[in-house]
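Taken in sequence, the protein lines are chains A and B. For the first sequence, counting from 1, position 60 maps to 60 in our numbering; every step adds exactly one. For the second sequence, counting from 1, position 43 maps to 43 in our numbering; every step adds exactly one.
Quick caveat, the hints were computed from the structure, so don't treat them as lab data. A quick note: this is a predicted structure, and the numbers were derived from the prediction, not measured. Ideal Cβ positions, reconstructed from N, Cα and C, are used throughout, including at glycine. Do not take every clue at face value.
Said to hold, decoys possible - No more than 30 Å apart at the CA atoms, straight line, and that leaves these computed lysine-lysine pairs for DSS-like:
id, chain 1, residue 1, chain 2, residue 2
1, B, 17, A, 67
2, B, 62, A, 116
3, A, 113, A, 137
To be verified - Derived coverage of chain A by chain B (criterion: at least 3 residues anywhere in the stretch with Cβ under 8 Å from a Cβ of chain B; other residues may be distant):
id, region
4, 8-20
5, 135-149
As the list claims (entries may be wrong) - Here are the computed distance ranges between Cβ atoms for each label pair:
id, chain 1, residue 1, chain 2, residue 2, range
6, B, 57, A, 140, 36 to 46 Å
7, A, 47, B, 19, 28 to 38 Å
8, A, 57, B, 2, 35 to 45 Å
9, A, 80, B, 10, 29 to 39 Å
10, B, 56, A, 59, 31 to 41 Å
11, A, 57, B, 10, 38 to 48 Å
12, A, 141, B, 40, 12 to 22 Å
13, A, 138, B, 10, 15 to 25 Å
14, A, 81, B, 15, 18 to 28 Å
15, A, 81, B, 45, 19 to 29 Å
16, A, 16, B, 15, 33 to 43 Å
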Amino acid sequence: MEVVTLDEAGKMQLLELWKPVLSLSKANTLEANLGSCHEWFKVVDEENIRAIFEIRRVPLNGARYIKSMLLDFAPDLDINPEGQSFKEASETLKYAIEVLGYIFSHLLSNDTKCFKIHNEHSMVRMFFFSFAEYLAKRYPEEYDVAFYGNWLEITAKK
Amino acid sequence: MKALFDMISDDAEFMNKCKINPILGASFYALNEFVKTGNELAALPWFGLTKMSTRKQAEISKAA
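Take the sequences, apply the hints, and build the full model.
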């Protein structure tokens, strides 16, 4: 698995792959999001794009942090305990968790070893609250974690 | 979905990966908590383009 910058050609290629399987509204939203002036990255595994995410870099007192992040798993990701074998659904879920972990690890790998994420979606906030709680309680020596309002801020100490 | 998380919790190899990589562990924990509190993964916008989200929306439309 690797994180690769999604350049303009890559965005066009991605839209050609993904748009045909999406509803018109989702395809239009994806195209509009990719058209933003911010950096986009793709998570690639065995030449397949598994997810894409956006990073908005903001300077702050010399450091840089991520103001907001859009993230989309690939349309072919399916976790369906009713339509798949339990084992298959479980393996796909594990894979999705690994992709998420890979993305967040990538975000912490910058020079400042810090990232902030602003997100206004209530469901994503719920996720980040638990994410922050886990690191703060279990790894206080390794991570500084702050969760306030719509913001999550994580700093790797090592 | 909760049963899938329970199954993964019993997967020693995966849980060991989570111990080695706290960020992976936090990702697992946060998704697990999300589902435990009665939410569906498809409700997270990150899964909005996936087949499971499309299926969920079709179910909602059918019910309506």
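Results for each hint:
A C-alpha spacing of about 29 Å is found between residue 17(B) and residue 67(A), which places the hinted pair at or below 30 Å, so the restraint holds. For the proposed pair residue 62(B) and residue 116(A), the alpha carbon gap of about 39 Å is over 30 Å, so the pair is violated. Using a Cα cut-off of 30 Å, the hinted pair residue 113(A) and residue 137(A) holds, with the two alpha carbons roughly 19 Å apart. A stretch counts as covered by a chain when three or more of its residues have a beta carbon under 8 Å from one of that chain; for the region 8-20 of chain A and chain B the count is 1, and the coverage is violated.
Residue count for the region 135-149 of chain A with a Cβ under 8 Å from a Cβ of chain B: 5. That meets the three needed, and the coverage hint holds. Range check, residue 57(B) to residue 140(A): about 41 Å between beta-carbon atoms, so the 36 to 46 Å window is met. In this structure the supplied range 28 to 38 Å holds for residue 47(A) paired with residue 19(B), their Cβ-Cβ distance being about 30 Å. Checked against the hint of 35 to 45 Å, the pair residue 57(A) and residue 2(B) passes, with Cβ atoms roughly 37 Å apart.
Our hint of 29 to 39 Å for residue 80(A) and residue 10(B) is violated, since their Cβ atoms are close to 21 Å apart. A hinted range of 31 to 41 Å holds for the C-beta pair residue 56(B) and residue 59(A), which are about 40 Å apart. A C-beta distance of roughly 40 Å is found between residue 57(A) and residue 10(B), which places it inside the suggested range of 38 to 48 Å. The hint said 12 to 22 Å for the Cβ distance between residue 141(A) and residue 40(B), and at roughly 35 Å that hint is violated.
Between residue 138(A) and residue 10(B), the C-beta spacing of about 20 Å keeps the proposed range 15 to 25 Å intact. Taking 18 to 28 Å as the suggested C-beta distance range, the pair residue 81(A) and residue 15(B) conforms, at roughly 20 Å. Take residue 81(A) and residue 45(B): their Cβ atoms lie about 21 Å apart, and the range 19 to 29 Å holds. A hinted range of 33 to 43 Å for the beta carbons of residue 16(A) and residue 15(B) is consistent with their spacing of about 39 Å.
Hints 2, 4, 9 and 12, counting from the list given before, are not met by this structure.
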